[in-house]
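Each protein sequence line maps, in turn, to chains A and B.
All residue numbers for the first sequence refer to my numbering, where the first residue is 1 and numbers rise by one.
All residue numbers for the second sequence refer to my numbering, where the first residue is 1 and numbers rise by one.
Keep in mind the hints are simulated off the structure, nothing from the lab.
Treat the hints with care, since some could be wrong.
[What the hints assert, rightly or not] The list that follows gives simulated cross-link-like pairs (lysine-lysine, DSS-like), each with its CA atoms no further than 30 angstroms apart:
#	chain 1	residue 1	chain 2	residue 2
1	B	K40	A	K81
2	A	K334	A	K171
3	B	K322	A	K81
4	A	K87	A	K378
5	B	K506	B	K473
6	A	K419	A	K384
7	B	K94	A	K171
8	A	K171	B	K282
9	B	K308	B	K322
10	B	K494	B	K506
11	A	K171	A	K87
12	A	K81	B	K97
13	A	K81	B	K94
[What the hints assert, rightly or not] A few chain B residues facing chain A, derived, Cβ under 10 angstroms:
#	residue
14	E363
15	G366
16	Q371
17	N374
18	N386
19	L391
20	A392
21	G398
22	L502
23	S525
24	P527
Source: prediction; values computed, not measured.
From the three backbone atoms N, C-alpha and C, an ideal C-beta is built for every residue, glycine too.
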Amino acid sequence: MKTRRDFLRSTLLGASATWTLPMFVERTFAQLHGDAKDLAVQPVTGKDGPILVVLQLAGGNDGLNTLVPFGDDAYHRARPKLAKSEKQILKLSDYAGLNASMPWLASQFHEGDLAIVQGVGYPNPNRSHFVSTSIWETADPANRSNTGWLGRYFDNACPGSDPTVGISFNKTQPESFGALKNPGICLSSPELYRWIHGDKTPSAEEFFAELNRPDKEDPPVEGSSIAMPAGGKTGGVHGESNLDFLERVALDAQISSAKILEIAAKHKTRIPYDGNPLARSLNLVARMIAGKLPTRVFYVSHGGFDTHNNQGNTHDRLLGQLDSALKSFMADLKEQGNADRVVVMTFSEFGRRVGENASGGTDHGQGSCLFTLGQPVKGGFYGKHPSLTDLADGDLRFTTDFRGIYATVLEDWLKTPSKPVLNGSFAKLGFIS
Amino acid sequence: MLPQASDSWTLGEAAHLLNRAGFGGSPQEIQKLHALGRIKAVDSLLNPTEPIGAIPVPLWATREQAIADMRERAEQRRMVQEATRTLSAEEAEKVRKETFQAIQRENRERGIEAQGWWFRAMLLTQAPLREKMTLFWHDHFATSLQKVRQPALLMLQNDLFRRHATGNFRQLTHAVLRDPAMMLYLDTQSSKRGKPNENFAREVMELFTLGEGHYTELDIREASRAFTGYQLNRSDATVRHNKRQWDEGDKTIFGKTGKFTGDDIIDLIFEKPEAAKLLAGKLWEYFAAEGPSPETIEALAATLRSAKYETAPVLREIFLSKAFYAEGVVRNQIKSPVQYFIQLLKQLELREAPQGYTRLALEQLGQSLFQPPNVAGWDWGKAWINTNTLLARYNLAGFITKGSQEAPASPPMAREDAMNPEAGMDSPDAAKAVAKAAKKKTPGDRMSNVTTVAARFWRGPDYEKIVPRALRKRPEEMVDAMIFRFLQTTLPAKHRDRFVALAKEKEGVVFTNHEVAELAHFMLSTPDYQLT
Numbered sequence: 001m002k003t004r005r006d007f008l009r010s011t012l013l014g015a016s017a018t019w020t021l022p023m024f025v026e027r028t029f030a031q032l033h034g035d036a037k038d039l040a041v042q043p044v045t046g047k048d049g050p051i052l053v054v055l056q057l058a059g060g061n062d063g064l065n066t067l068v069p070f071g072d073d074a075y076h077r078a079r080p081k082l083a084k085s086e087k088q089i090l091k092l093s094d095y096a097g098l099n100a101s102m103p104w105l106a107s108q109f110h111e112g113d114l115a116i117v118q119g120v121g122y123p124n125p126n127r128s129h130f131v132s133t134s135i136w137e138t139a140d141p142a143n144r145s146n147t148g149w150l151g152r153y154f155d156n157a158c159p160g161s162d163p164t165v166g167i168s169f170n171k172t173q174p175e176s177f178g179a180l181k182n183p184g185i186c187l188s189s190p191e192l193y194r195w196i197h198g199d200k201t202p203s204a205e206e207f208f209a210e211l212n213r214p215d216k217e218d219p220p221v222e223g224s225s226i227a228m229p230a231g232g233k234t235g236g237v238h239g240e241s242n243l244d245f246l247e248r249v250a251l252d253a254q255i256s257s258a259k260i261l262e263i264a265a266k267h268k269t270r271i272p273y274d275g276n277p278l279a280r281s282l283n284l285v286a287r288m289i290a291g292k293l294p295t296r297v298f299y300v301s302h303g304g305f306d307t308h309n310n311q312g313n314t315h316d317r318l319l320g321q322l323d324s325a326l327k328s329f330m331a332d333l334k335e336q337g338n339a340d341r342v343v344v345m346t347f348s349e350f351g352r353r354v355g356e357n358a359s360g361g362t363d364h365g366q367g368s369c370l371f372t373l374g375q376p377v378k379g380g381f382y383g384k385h386p387s388l389t390d391l392a393d394g395d396l397r398f399t400t401d402f403r404g405i406y407a408t409v410l411e412d413w414l415k416t417p418s419k420p421v422l423n424g425s426f427a428k429l430g431f432i433s
Numbered sequence: 001m002l003p004q005a006s007d008s009w010t011l012g013e014a015a016h017l018l019n020r021a022g023f024g025g026s027p028q029e030i031q032k033l034h035a036l037g038r039i040k041a042v043d044s045l046l047n048p049t050e051p052i053g054a055i056p057v058p059l060w061a062t063r064e065q066a067i068a069d070m071r072e073r074a075e076q077r078r079m080v081q082e083a084t085r086t087l088s089a090e091e092a093e094k095v096r097k098e099t100f101q102a103i104q105r106e107n108r109e110r111g112i113e114a115q116g117w118w119f120r121a122m123l124l125t126q127a128p129l130r131e132k133m134t135l136f137w138h139d140h141f142a143t144s145l146q147k148v149r150q151p152a153l154l155m156l157q158n159d160l161f162r163r164h165a166t167g168n169f170r171q172l173t174h175a176v177l178r179d180p181a182m183m184l185y186l187d188t189q190s191s192k193r194g195k196p197n198e199n200f201a202r203e204v205m206e207l208f209t210l211g212e213g214h215y216t217e218l219d220i221r222e223a224s225r226a227f228t229g230y231q232l233n234r235s236d237a238t239v240r241h242n243k244r245q246w247d248e249g250d251k252t253i254f255g256k257t258g259k260f261t262g263d264d265i266i267d268l269i270f271e272k273p274e275a276a277k278l279l280a281g282k283l284w285e286y287f288a289a290e291g292p293s294p295e296t297i298e299a300l301a302a303t304l305r306s307a308k309y310e311t312a313p314v315l316r317e318i319f320l321s322k323a324f325y326a327e328g329v330v331r332n333q334i335k336s337p338v339q340y341f342i343q344l345l346k347q348l349e350l351r352e353a354p355q356g357y358t359r360l361a362l363e364q365l366g367q368s369l370f371q372p373p374n375v376a377g378w379d380w381g382k383a384w385i386n387t388n389t390l391l392a393r394y395n396l397a398g399f400i401t402k403g404s405q406e407a408p409a410s411p412p413m414a415r416e417d418a419m420n421p422e423a424g425m426d427s428p429d430a431a432k433a434v435a436k437a438a439k440k441k442t443p444g445d446r447m448s449n450v451t452t453v454a455a456r457f458w459r460g461p462d463y464e465k466i467v468p469r470a471l472r473k474r475p476e477e478m479v480d481a482m483i484f485r486f487l488q489t490t491l492p493a494k495h496r497d498r499f500v501a502l503a504k505e506k507e508g509v510v511f512t513n514h515e516v517a518e519l520a521h522f523m524l525s526t527p528d529y530q531l532t
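Using the sequences and the hints given, assemble the complete structure.
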């Protein structure tokens with residue numbers, strides 16, 4: 001198995017440099033390790049493996065106005081202002097239909113590429129945005145885990161890996177990426193994801209690269225396993241000194257920056273996208289995939305779902321943006337010939353209450369619905385729609401544990417055992433064909 | 001008592017104290033502190049001569065004006081209600097919308113102003129430990145604008161923390177129970193007899209005083225009944241305990257039974273030995289190092305208990321302890337974004353940051369003042385650093401050291417500092433130009449536009465003063481002086497030699513300010529510089 005050191009060495013040798021420098025690479029690495037050139041291929045995170053796009057609907061998406069149970073009188077009773085009538089939805093069954101802002105997703109349901117999981121949640125739900133997001137991201141309802149479920153996947157299934165194994169298009173690292181060894185990278189804008197320096201002479205860049213290279217080539221903890229305790233904070237490795245950690249991140253930033261800038265410059269898309277942040281993020285994801293980054297997981301966010309007041313138009317608009325962005329993204333992948341490599345999974349920290357509130361909105365609730373989308377997906381309904389009358393404290397009772405969805409994605413799509421990642425066994429749902 | 005260090009100390013140790021007990025300083029400031037000797041230096045930090053209020057808050061954040069504003073809001077709410085009665089539904093909705101939008105807009109602007117004010121206070125204060133402890137309490141008793149939504153209440157809370165900065169933990173906890181911002185943040189305001197809200201009861205035990213494992217769920221349920229009836233009068237910002245809304249029944253907490261009030265509960269909490277342990281450990285982690293040993297925690301906790309929860313004796317013990325100056329502690333703390341930015345400005349002897357830049361830069365680095373992520377405060381240490389934030393730090397350093405060259409990592413916007421006369425580059429031209437740039441095209445372009453425009457107005461540090469021309473003729477000395485300024489240590493020979501080589505390339509020709517800035521940016525674009 002390749003070690004991280006082998007990987008970094010070969011990556012630097014192979015990098016077409018922007019600010020990782022050929023001179024620096026040649027003189028230091030190549031002389032020391034002349035034989036490393038043969039190792040420039042990543043065995044685990046190959047360039048044609050499956051890709052998961054995690055799409056966060058931040059703020060708590062109102063599942064009942066996303067997948068609308070229009071056939072249920074209790075729905076209309078609970079929401080005199082907000083309920084959608086049969087005419088205002090795209091019917092998927094005699095009981096439920098999609099919010100009419102999502103015509104493309106409805107078409108995907110009919111074509112068999114959209115799976116809708118109903119009644120998703122977890123035991124003893126928490127209504128705090130922070131705590132519940134954390135529970136989803138760590139896959140730990142006790143909210144005690146220092147690592148995220150995707151980070152544990154990186155650690156467990158992608159050894160010696162490239163820092164771009166996971167990319168989050170956010171300013172900060174999502175908790176789900178928290179890892180013992182390799183937390184992936186975050187970037188908000190490729191244009192700014194680089195070291196900006198007035199002096200563009202090779203010697204300046206070489207010097208910078210040298211300053212940001214670890215003195216020790218080996219990370220302190222090689223081959224850590226899932227059972228190891230994390231450093232107590234997301235992103236840290238147990239036993240790793242602060243300076244070692246900083247040097248590791250600096251090197252990851254250098255390597256990934258060079259590649260990402262190059263890809264962003266080279267791969268533009270012909271498919272039109274909207275101008276909102278989600279569409280821009282998905283556009284970047286498509287370009288990164290076109291550029292053959294060995295990334296396994298991309299993470300993007302769509303915010304604004306905390307609809308306590310006058311929810312109607314806001315929520316419809318957000319779902320419309322989601323629909324349109326995903327439509328462009330999938331068309332883009334199809335044109336690239338990568339549509340069969342990508343599965344999109346949405347999630348939100350919780351659903352909202354069944355009854356609307358006095359301000360024409362909905363408050364934090366529990367169970368909600370979730371989408372998985374893509375050619376590899378076996379479309380249809382999964383999980384049982386929760387009862388709208390047998391409620392828990394005014395909320396839907398969940399019928400499907402969210403970790404069952406993770407287990408399905410991990411085992412049937414990313415082809416890795418889910419138990420060590422999820423710290424338990426959860427029934428799979430079968431939505432990957 | 002932790003083993004104490006002697007009065008004589010090195011310049012590096014003085015720098016370490018100033019970095020940790022404050023936000024660092026210029027070489028002159030470090031030398032000044034060093035000359036006092038260790039004990040006097042610590043005492044000078046604990047007993048600053050600068051009075052609270054030396055850096056005046058915006059008018060709206062003074063208690064008198066805050067109360068006047070609250071009255072006005074109450075009046076506005078009455079008018080909206082009146083409108084609902086007398087006008088058509090449509091017209092009433094219009095009045096309601098306009099009123100609340102105006103209030104929201106004002107609150108948003110004031111929130112930005114509050115963030116800018118505190119940032120400048122930390123930068124300019126002559127009482128750095130007081131500000132550093134104010135930031136500690138803000139993280140400890142975390143309260144966010146996102147929920148409270150009233151910047152004036154956060155500023156009043158900030159003032160409370162500042163007054164108790166190195167004061168009594170027990171008294172401060174009592175005060176926090178009646179702090180309006182906290183009451184709104186943890187729902188004490190809506191906790192009433194028969195319908196107690198457990199939020200404050202839980203956090204006061206779990207996060208503020210005892211820590212997990214030192215209370216039961218039953219303790220929380222019972223305590224929540226005691227914390228009922230505290231009410232904020234929204235028309236004058238006073239808090240009183242309304243006996244009619246208070247659950248006056250017997251409660252059993254930690255095995256004791258009585259008709260307890262919220263204050264009684266806090267007193268019961270502080271009778272437990274764990275109340276001292278949690279804070280002692282957190283203070284050590286904040287100022288010294290992560291993962292203190294049980295012996296260190298117990299030593300500091302004992303001091304805290306015997307001082308009846310006065311924090312000053314504990315801080316003094318920490319700053320005078322041998323362990324505080326030990327290898328593995330010195331230069332091994334990952335700077336928080338606030339620490340990083342303030343320390344950088346102080347090292348460059350700057351008394352201002354580029355217009356509109358600070359708030360967005362701190363947001364990008366992950367520490368927006370008055371907006372901790374949740375009631376547990378920020379995650380510190382390694383959690384500050386990822387590939388994106390590290391590059392953002394490098395680019396922030398580039399912008400501050402060079403200004404006019406290329407776009408930095410963050411998009412400054414016009415508002416923040418433009419409102420404050422203390423702020424730098426506050427010419428109307430600068431504000432207008434930056435605002436105009438902020439409106440352009442797609443966000444990606446906007447970032448670059450705004451930063452480029454902002455950079456035109458940013459003069460950068462005074463390199464003539466920081467690295468005098470005479471010094472530039474002696475490359476080795478210049479490099480060592482700059483290394484001391486930024487890192488207060490020596491670098492591995494390999495790195496130092498490269499800096500010297502870079503400086504020597506220019507030997508014989510004039511080493512310009514531009515070249516000094518380049519050299520500085522190099523030193524700051526390193527993993528080493530993220531540590532203090």
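Hint-by-hint comparison with the structure:
no.	hint	verdict
1	B:K40 - A:K81	violated (68 angstroms)
2	A:K334 - A:K171	holds (29 angstroms)
3	B:K322 - A:K81	violated (67 angstroms)
4	A:K87 - A:K378	holds (27 angstroms)
5	B:K506 - B:K473	holds (9 angstroms)
6	A:K419 - A:K384	holds (24 angstroms)
7	B:K94 - A:K171	violated (37 angstroms)
8	A:K171 - B:K282	holds (27 angstroms)
9	B:K308 - B:K322	holds (24 angstroms)
10	B:K494 - B:K506	holds (20 angstroms)
11	A:K171 - A:K87	violated (40 angstroms)
12	A:K81 - B:K97	holds (19 angstroms)
13	A:K81 - B:K94	holds (19 angstroms)
14	E363	holds (8 angstroms)
15	G366	holds (5 angstroms)
16	Q371	violated (12 angstroms)
17	N374	holds (4 angstroms)
18	N386	holds (4 angstroms)
19	L391	holds (5 angstroms)
20	A392	holds (8 angstroms)
21	G398	holds (6 angstroms)
22	L502	holds (7 angstroms)
23	S525	holds (6 angstroms)
24	P527	holds (4 angstroms)
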